[in-house]
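The task is simple: from the sequences and hints, build the whole structure.
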Amino acid sequence: MTISLPGLLSQLLLGLVNGSFYAILSLGLAVIFGLLNVINFAHGALFMLGAVLTWMAMNYLGIGYWWMLLLAPLAVGIVGVLIERLLLRWIYKLDHLYGLLLTLGLTLLIEGVFRSVYGVSGLPYDAPDLLADSTDLGFMVLPNYRAWVVVASLLVCLATWFVIEKTRLGAYLRAGTENPRLVEAFGINVPLMITLTYAFGVALAAFAGVLAAPVIQVSPLMGQNLIIVVFAVVVIGGMGSIMGSILTGLGLGVIEGFTKVFYPEASSTVVFVIMVIVLLIRPAGLFGKEK
Amino acid sequence: MKSKLTVLALVLGAAGLASHAAYAQVKIGFVTDMSSLYSDVEGKGGAVAIQMAIDDFGGKALGQPIELLTADHQNKPDIAATKAREWIDTQGVTMVFGGTNSGTALATAKVAQEKKRVYFNNGAGTSALTNEACSPYTVHYAYDTVALAKGTGSAIVDKGGKSWFFLTADYAFGQALQDDTTKVVLAKGGTVVGSVKHPLNASDFSSFLLQAQNSKAQILGMANAGGDTINTIKAAKEFGITKTMKLAGLLVFISDVHSLGLKNTEGLLLTTSWYWDLNDATRKFAARYFEKMKRMPGETQAADYSATMTYLRAVEAAKSTDADKVMAQLKSMKIDDFYAKGQIRPDGRYVHDMYLMQVKAPAESTKPWDYYKVVAKLNGDQVFTTKAESKCSFWK
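Order-wise, the sequence lines are chains A and B. Counted from 1, the first sequence has number 58 at position 58 by this note's numbering; the numbering is strictly sequential. Counted from 1, the second sequence has number 1006 at position 6 by this note's numbering; the numbering is strictly sequential.
Because the hints were derived from the structure by calculation, they are not lab data. Here a beta-carbon is modelled for each residue, glycine too, at the ideal position from N, C-alpha and C. The reader is advised that the hints may include incorrect statements.
[As the list claims (entries may be wrong)] Label pairs and their calculated CB-CB ranges:
1) B:Gly1058 - A:Phe272: 28 to 34 Å
2) B:Pro1368 - A:Gly64: 44 to 50 Å
3) A:Leu94 - B:Asp1078: 29 to 35 Å
4) A:Gly62 - B:Lys1391: 53 to 59 Å
5) B:Glu1067 - A:Trp161: 57 to 63 Å
[Unchecked claim] Selected chain B positions facing chain A (Cβ under 7 Å, derived; list incomplete):
6) Val1196
7) Ser1206
8) Ser1207
9) Ile1230
10) Glu1238
11) Thr1244
12) Gly1261
13) Asn1279
14) Ala1281
15) Thr1282
Have a look at this one:
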């Protein structure tokens, strides 16, 4: 099989689109793990919830895409507050495994409810009119919406990185990660900070869900398919590393894209092969710090 | 002493009778995809259809209540096979009813053959079930990849779609569908310029679709099903693939069309064994099913009902649940119901007519679920594997 340069360029671009989803999802996971030490398995379900809410708002209330870009993360953020306050709060002192099991249980519940209501074939959601066209780039036809996905998620990722790494609020967060008791002694409300961090992390997932709604069929299973890969991305990038998860997400999207051309059968496993290699060479991940 | 022995003999005899009676009870074990990408194609709806048939039969066979067990195989052949084995060994299941996913079907059929139990399958496509991997205990009831290839494949080549590129689900079913369609395309003077395999339950098809487009083929043969077909069609439309290539949905279910909407599927040719709006009898079943499920039955679910009825009638006629006796009965009886009309061949293939359908344009659809128009009725004797083509070891 010969692959032309234009062919490679188009695969690179498509890889970036998928990578954008990985980046924004793994970023949320990294933020949550950083402060809460919880492996949030419910991330995929909340991603799906963001997409399904977008569909529901359009079909039942006539609320369009652009509003949902704001409203869906807000709604899922509130769900996040409830989850953290009512459930997660009780298990911080326990082993990581309990958080993983609890959030996995939540995932099964949420997905099960939507599966029994809507089935698995999915619900159609069209791209907003403004982005419905596509642009001929010479080497490929790129739907404008996909370009928007890359731009929007990069903006959100970078904004998140900026807030956490460069602002006073971010400094509190990072300090809270290192030593919560000491930060609390300085008069900062750490429990509130934790709640809001979780809400923010899952709101990112919902944002990705809204972005994904016109790209993949809105279905109760859409999160399940993605989340396992995203976990691998987080592991490769290094647990809790903000920039690490963004870069790894984008990079793995591109690698996966190329695999689809050179050896398509391996495209669903390539990320895990890389994960194994990275763990063998750098157990803390590419960008992670060994504790 | 003698009287004590007599009592003991009586008790033992009664116990023997009881255990024999337990084996005579009809138990159907239905294992299919209940939760993943194929669960709308059959899933819970399939179990509901089977239960409807059991209830319509009177709930009893050979004087005992009929029992239905169900399980989710999660599209994993090992889970399907283990479940079938467990049911046969510990529950005394008399008929294993396999559902969607060819990989699981091949594994389960093998277990049923080894344990000498009747095995029915509707949802799985692979023609190997009654060909290379045929078993004296298998009945392949609804459709198979050969019928799909001969139906949709030849219709498209006849319309001028000579060069093909395949997008294939990377497991038993996708491979079988691609192979069977390739044979049809080549036999009719067409060419296959390339193919790409995608993992089952993939989420992004854009990359594969661009490869297809670069091949410059006229026809994109989608050798996949369910959620994979849905996402392929959606992405093909988005990336403008449909402007240069025509899509050939080799296995399209009504739940796929419902999910995508007519706007995205208009004009698509497909082959199916059954459609709810064919005649009064099909509409009557559809209305009953709709009441329970709030959606129209697809071909698989209608076939599930019909297959259960056929099996129960065979058990009653054979007056036994013994697999050899029931299979002999199944292969000798005539079947004629709202689903189809025909006979089960020695290789286990239920031969009946199929339909070549075209998806209606939005303007042509006058009521909910009014999606297909019949293009042609395909003769069952020609559309399935013929005796001359068959590689089944015991059908010579």
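Going through the hints against the structure:
A beta carbon spacing of about 52 Å between glycine 1058 of chain B and phenylalanine 272 of chain A contradicts the range 28 to 34 Å that was offered as a hint. Between proline 1368 of chain B and glycine 64 of chain A the C-beta distance comes to about 25 Å, which lies outside the given range of 44 to 50 Å. Look at leucine 94 of chain A against aspartate 1078 of chain B: about 33 Å separates their beta carbons, and that is inside 29 to 35 Å. Look at glycine 62 of chain A against lysine 1391 of chain B: about 57 Å separates their beta carbons, and that is inside 53 to 59 Å.
The hint said 57 to 63 Å for the Cβ distance between glutamate 1067 of chain B and tryptophan 161 of chain A, and at roughly 59 Å that hint holds. A cut of 7 Å between beta carbons decides the hint on valine 1196 of chain B: the least distance to chain A is about 5 Å, and the hint holds. About 5 Å separates the beta-carbon of serine 1206 of chain B from the nearest beta-carbon of chain A, less than 7 Å, and the hint is met. Given hint, serine 1207 of chain B at the interface with chain A, holds; its Cβ is 4 Å from that chain's nearest Cβ, closer than 7 Å.
Of the supplied interface hints, the one on isoleucine 1230 of chain B holds, with its beta-carbon coming within about 5 Å of a beta-carbon of chain A, less than 7 Å. About 5 Å separates the beta-carbon of glutamate 1238 of chain B from the nearest beta-carbon of chain A, less than 7 Å, and the hint is met. The beta carbon of threonine 1244 of chain B is not positioned within 7 Å of any beta carbon in chain A (closest approach about 10 Å), and the interface hint is therefore violated. Checking glycine 1261 of chain B against chain A: minimum C-beta separation of about 5 Å stays under 7 Å; hint holds.
At a threshold of 7 Å, the smallest CB-CB gap from asparagine 1279 of chain B to chain A is about 26 Å, leaving the interface hint violated. Hint status for alanine 1281 of chain B: violated, given a least beta-carbon distance of 26 Å to chain A, over 7 Å. Of the supplied interface hints, the one on threonine 1282 of chain B is violated, with its beta-carbon coming no nearer than about 21 Å to a beta-carbon of chain A, more than 7 Å.
This entry does not satisfy hints 1, 2, 11, 13, 14 and 15, going by the numbered hints stated previously.
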